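Participant: Here's the letter readout for the chains.
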Amino acid sequence: MRRILSSVRDGVGFDILLVSLTMIFLFALAGMPLVYNVMMSFQEVDMFNLGTFWRPFVGLENYQAVLSQPEFGLVMKNTAFFVFGSIAGQFSLGFLLAIFFMAKFPFASTIRGVFLVSWVMPGLVVGALWGWILAGDFGVLNAILKSLGIIDSTLFWKSDPSLSIWAVTMANIWLGLAFNMMLLSVGLAAIPRDVYEAAELDGANAFQRFTSITVPMMRATIGAVLALGLIYTLQQFDLFPAITEGGPANSSSVAQYWAWQRSFVLFDFAKGATISMMMLIFVFIASVVYVASTRHEVRE
Amino acid sequence: MKIVTLPRLMLVLAIVLAAIYLFPLYWMYVTSLKGQSEIFANPPTFWPRDPDFSIFPETWERRHVGMFLGNSLVIGTGVTALTVLLGTGCAYVLARYRSAWIDVGLFTILMLQVLPASVMITPLYVGFNQLGLLNYPRTAVVLAASAKAIPFYIVLVRATFMNVPRELEEAALVDGNSRWGAFFFVVLPLARNGVLVLAILTFMQAFGEYIYSKSIITTQAYQPASVGLSGFLGPNSTDWNGIMAYAAMYVTPIVAIFVILQRRIVAGLTSGALK
Amino acid sequence: MTVQIEMRNIEKHYGAFHALKNVDLDIEKGSFVALVGPSGCGKSTLLRSIAGLESITSGTLKIAGEPMQGVPPRKRDVAMVFQSYALYPHMTVEQNLTYSLRWKKVPKEERSKRAREVAETIGLTELLGRYPRELSGGQRQRVAMGRAIIRSPKAFLFDEPLSNLDASLRVQMRKEVRALHDRLGATSVYVTHDQIEAMTMADFVVVMRGGVIEQRGRPLELYDQPANKFVGGFIGSPAMNFVAAKGADDGHSIVLDGFGQETLDVGRKVEAGRPLIAGLRPEHLRIADGGTGFHLQVGTVEQTGSTTYLVNGPGDFTMVQNERTDVKEGDSVALSIDPKQVHLFDAETELRV
Numbered sequence: 004m005r006r007i008l009s010s011v012r013d014g015v016g017f018d019i020l021l022v023s024l025t026m027i028f029l030f031a032l033a034g035m036p037l038v039y040n041v042m043m044s045f046q047e048v049d050m051f052n053l054g055t056f057w058r059p060f061v062g063l064e065n066y067q068a069v070l071s072q073p074e075f076g077l078v079m080k081n082t083a084f085f086v087f088g089s090i091a092g093q094f095s096l097g098f099l100l101a102i103f104f105m106a107k108f109p110f111a112s113t114i115r116g117v118f119l120v121s122w123v124m125p126g127l128v129v130g131a132l133w134g135w136i137l138a139g140d141f142g143v144l145n146a147i148l149k150s151l152g153i154i155d156s157t158l159f160w161k162s163d164p165s166l167s168i169w170a171v172t173m174a175n176i177w178l179g180l181a182f183n184m185m186l187l188s189v190g191l192a193a194i195p196r197d198v199y200e201a202a203e204l205d206g207a208n209a210f211q212r213f214t215s216i217t218v219p220m221m222r223a224t225i226g227a228v229l230a231l232g233l234i235y236t237l238q239q240f241d242l243f244p245a246i247t248e249g250g251p252a253n254s255s256s257v258a259q260y261w262a263w264q265r266s267f268v269l270f271d272f273a274k275g276a277t278i279s280m281m282m283l284i285f286v287f288i289a290s291v292v293y294v295a296s297t298r299h300e301v302r303e
Numbered sequence: 284m285k286i287v288t289l290p291r292l293m294l295v296l297a298i299v300l301a302a303i304y305l306f307p308l309y310w311m312y313v314t315s316l317k318g319q320s321e322i323f324a325n326p327p328t329f330w331p332r333d334p335d336f337s338i339f340p341e342t343w344e345r346r347h348v349g350m351f352l353g354n355s356l357v358i359g360t361g362v363t364a365l366t367v368l369l370g371t372g373c374a375y376v377l378a379r380y381r382s383a384w385i386d387v388g389l390f391t392i393l394m395l396q397v398l399p400a401s402v403m404i405t406p407l408y409v410g411f412n413q414l415g416l417l418n419y420p421r422t423a424v425v426l427a428a429s430a431k432a433i434p435f436y437i438v439l440v441r442a443t444f445m446n447v448p449r450e451l452e453e454a455a456l457v458d459g460n461s462r463w464g465a466f467f468f469v470v471l472p473l474a475r476n477g478v479l480v481l482a483i484l485t486f487m488q489a490f491g492e493y494i495y496s497k498s499i500i501t502t503q504a505y506q507p508a509s510v511g512l513s514g515f516l517g518p519n520s521t522d523w524n525g526i527m528a529y530a531a532m533y534v535t536p537i538v539a540i541f542v543i544l545q546r547r548i549v550a551g552l553t554s555g556a557l558k
Numbered sequence: 249m250t251v252q253i254e255m256r257n258i259e260k261h262y263g264a265f266h267a268l269k270n271v272d273l274d275i276e277k278g279s280f281v282a283l284v285g286p287s288g289c290g291k292s293t294l295l296r297s298i299a300g301l302e303s304i305t306s307g308t309l310k311i312a313g314e315p316m317q318g319v320p321p322r323k324r325d326v327a328m329v330f331q332s333y334a335l336y337p338h339m340t341v342e343q344n345l346t347y348s349l350r351w352k353k354v355p356k357e358e359r360s361k362r363a364r365e366v367a368e369t370i371g372l373t374e375l376l377g378r379y380p381r382e383l384s385g386g387q388r389q390r391v392a393m394g395r396a397i398i399r400s401p402k403a404f405l406f407d408e409p410l411s412n413l414d415a416s417l418r419v420q421m422r423k424e425v426r427a428l429h430d431r432l433g434a435t436s437v438y439v440t441h442d443q444i445e446a447m448t449m450a451d452f453v454v455v456m457r458g459g460v461i462e463q464r465g466r467p468l469e470l471y472d473q474p475a476n477k478f479v480g481g482f483i484g485s486p487a488m489n490f491v492a493a494k495g496a497d498d499g500h501s502i503v504l505d506g507f508g509q510e511t512l513d514v515g516r517k518v519e520a521g522r523p524l525i526a527g528l529r530p531e532h533l534r535i536a537d538g539g540t541g542f543h544l545q546v547g548t549v550e551q552t553g554s555t556t557y558l559v560n561g562p563g564d565f566t567m568v569q570n571e572r573t574d575v576k577e578g579d580s581v582a583l584s585i586d587p588k589q590v591h592l593f594d595a596e597t598e599l600r601v
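Residue numbers (the working numbering), protein chains in the order written: chain A, 4 to 303; chain B, 284 to 558; chain C, 249 to 601.
By construction, these hints were calculated from the structure, which means they are not laboratory data. Bear in mind the structure is a predicted one, so any value in this text is a computation, not a measurement. It is possible that part of the hints are untrue.
[Stated by the list, open to error] Here are some chain B residues pointing at chain A (derived, C-beta under 7 Å):
(1) Ser320
(2) Phe323
(3) Pro326
(4) Leu369
(5) Val376
(6) Met403
(7) Ala430
(8) Leu479
(9) Ile483
(10) Tyr493
(11) Tyr505
(12) Ser509
(13) Leu512
(14) Val538
Even for Gly, the Cβ is constructed at its ideal location relative to N, Cα and C.
Please model the complete structure; the sequences and the hints are all you need to start from.
Facilitator: Below, the structure is given as structure tokens:
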């Protein structure tokens with residue numbers, strides 16, 4: 004006992020104590036629920052056995068049930084659209100802005116920093132703002148697009164089933180754009196200036212310098228940013244209840260919102276758990292890419 | 284990237300880009316000041332004809348904004364306290380050593396960081412239900428949201444600790460400190476900035492937390508501002524100046540903190556996310 | 249003389265890496281001992297083990313007669329000066345100096361009185377209120393020294409404390425550190441990779457390589473009688489020349505490889521035909537007036553003004569002349585070798601013969 008105490012005071016016991024407290028907490032509130040989620044996806048869960056731990060085992064029945072839901076295909080299509088649309092938009096616009104702000108002009112870093120305000124705002128407020136901007140008859144986006152002559156009839160972003168997924172995707176691009184830009188800026192700033200100077204002396208033009216130096220030297224950053232984009236997009240939830248509530252007729256519902264609706268609107272916890280298990284597979288693939296891209300940092 | 288141009292022109296262009304990007308925020312404040320009829324004017328007015336500030340006290344009263352913000356504050360403070368308490372020491376240890384065990388720990392934490400709240404909420408809800416924690420809904424939300432915030436916090440605070448030279452801690456040990464003394468009197472004061480910035484970011488995230496609160500807290504008196512806002516928000520909302528006034532009262536404190544501490548927050552965020 | 253730090257059979261493993269191998273060393277009270285060796289030789293590990301910052305795998309370590317097994321650094325009463333100085337950036341010079349006294353519960357007035365005394369000794373009185381970032385490299389170094397002095401510890405441990413200073417300041421600080429040691433009657437262990445520093449400052453020099461103590465002794469003993477080829481090559485600058493050699497038939501001479509058949513009478517018994525390595529210090533070689541059997545084909549000539557360095561074509565043989573010569577590249581010069589100054593090592597074991 005005295006040895007343990009003195010180790011906590013002066014030795015590695017101190018480190019072990021600090022790490023284990025946190026790990027126990029995270030195990031209880033993240034590890035266990037994850038395992039529990041796997042269990043529930045193989046169980047029959049209803050309002051009556053919600054309070055028990057062991058429930059009837061039903062094998063892959065939940066998975067089959069989810070796959071045979073009429074909206075399954077639509078939701079998967081929406082999820083893919085939301086994820087790839089958001090990442091493509093956030094990344095390309097973010098990269099352009101990051102390159103723009105690499106130029107030397109007064110207040111460049113301050114103005115760049117202001118962009119990040121979108122990222123610290125509550126997701127629900129962002130949803131509310133975009134819900135209002137995208138409103139059909141009175142939304143300011145339609146008014147601007149009309150006055151610019153881009154559209155002539157009102158677009159019902161939120162209530163037109165072919166547009167509703169665009170509405171949430173646009174809001175999400177706005178939300179994540181600044182974060183992408185910031186991470187890419189860090190990557191750009193890490194490329195030594197003399198490499199560009201050497202390439203210029205070797206006769207490379209601006210575009211060639213971009214493709215032969217910026218892109219290859221940013222490979223790790225780009226990998227990490229894209230993976231983080233996938234992770235954060237699959238985590239994005241708040242915009243859906245605020246803008247479209249997944250509607251109309253599931254036309255803007257994605258996996259994470261669908262899973263939550265199953266559990267907390269329809270109280271079908273088994274299917275909610277099952278859908279989120281399916282989603283996790285994608286999250287883990289993204290995480291492996293992310294960890295691989297940042298491994299040199301972790302190893303340091 | 285050598286872009287040859289006049290810095291002035293770039294500055295103007297940068298301001299225009301920022302203005303376009305931040306337009307939604309501007310639109311929120313402008314809409315909140317418009318009267319009910321002006322909201323639905325076609326074409327919309329970009330400056331309120333007759334700014335009406337009475338919407339703020341009125342919405343505050345009618346929508347119980349004070350009560351909701353109070354709950355957000357409780358949840359935000361609780362999450363921040365728990366995260367700083369549990370995350371700081373762990374981040375320090377993960378920064379201090381290099382070994383296969385540390386890599387395993389880091390990998391675990393990175394993995395926990397990526398779990399979507401919408402995945403975790405179902406098992407957490409059912410688990411809390413079994414433990415009877417649903418009777419203390421705000422505590423339950425604090426626990427759940429902390430588990431979400433801690434991995435993110437650890438990854439970024441670890442980067443701060445890695446900038447504290449190991450020799451300083453060793454000097455303190457030789458000078459008569461225990462590990463605790465060296466941590467509290469030498470290492471922690473030097474990592475103070477990073478810890479502070481990340482505590483603020485954690486608070487901002489928790490202050491806007493929605494999904495756990497919406498799922499766990501059923502009593503209106505305990506709900507945070509995000510859930511309060513969702514109560515009168517949806518595809519068919521019409522009370523837009525009220526919603527925008529509510530949103531403005533909700534985000535203005537966060538935006539103000541962000542603008543004041545912008546430099547430090549950006550630095551704290553970018554130092555650790557990637558390198 | 250009493251032994252202040254006693255080390256017996258110390259072993260240290262980092263995983264598969266064997267950092268210290270069976271280290272035995274006594275450090276006498278009041279002595280100044282330098283640990284030298286190439287990087288990775290274990291000298292810093294040994295110093296940190298004395299401080300308690302590293303744990304030893306086995307063996308015993310005693311400070312002032314007390315066994316140190318399981319004793320944390322704070323209870324060992326040793327002071328350490330780090331290579332980076334490790335000044336606490338968030339504390340003033342005075343707070344840095346008195347930090348250790350805080351934990352010994354020395355009252356505040358006493359602490360600032362001692363800080364002023366120490367500041368006087370090392371010439372920092374005006375800087376007591378400053379922060380480390382406001383000091384020059386040399387001043388920071390002094391603060392680091394002061395922080396050690398104020399404690400009057402059982403031993404001072406120095407971990408390459410002068411390596412971050414520029415050359416002229418380094419030479420000056422060598423003298424100051426040594427003078428301080430003498431004035432305080434302290435026991436000092438000083439780690440450096442710079443053999444000149446070790447030779448000029450220390451009473452005893454300990455040469456390490458690969459976690460093993462190769463030789464310990466007074467500085468000139470190491471120079472005059474290196475125990476093996478490694479120590480011979482490590483001590484002295486420029487480094488000793490090594491030439492493969494063989495015992496000549498007469499039993500007391502050697503033949504140098506690549507220098508013809510001329511024999512060199514070393515004045516002691518050498519088995520005929522025994523393979524050897526001859527160590528010739530560059531400064532012990534002279535240009536002969538008359539012809540000798542030893543010739544150096546000059547590859548490069550470096551003039552520093554006071555001395556001339558002559559290096560052969562392949563660059564593995566150097567000689568130093570203290571006077572100017574008009575030898576040019578491509579010349580062949582005759583060498584005069586003083587047989588008494590030739591070091592002989594066994595070709596197999598590399599130990600001194």
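Participant: Which of the numbered hints are not met once you compare them with the structure shown?
Facilitator: 1, 8, 9 and 11
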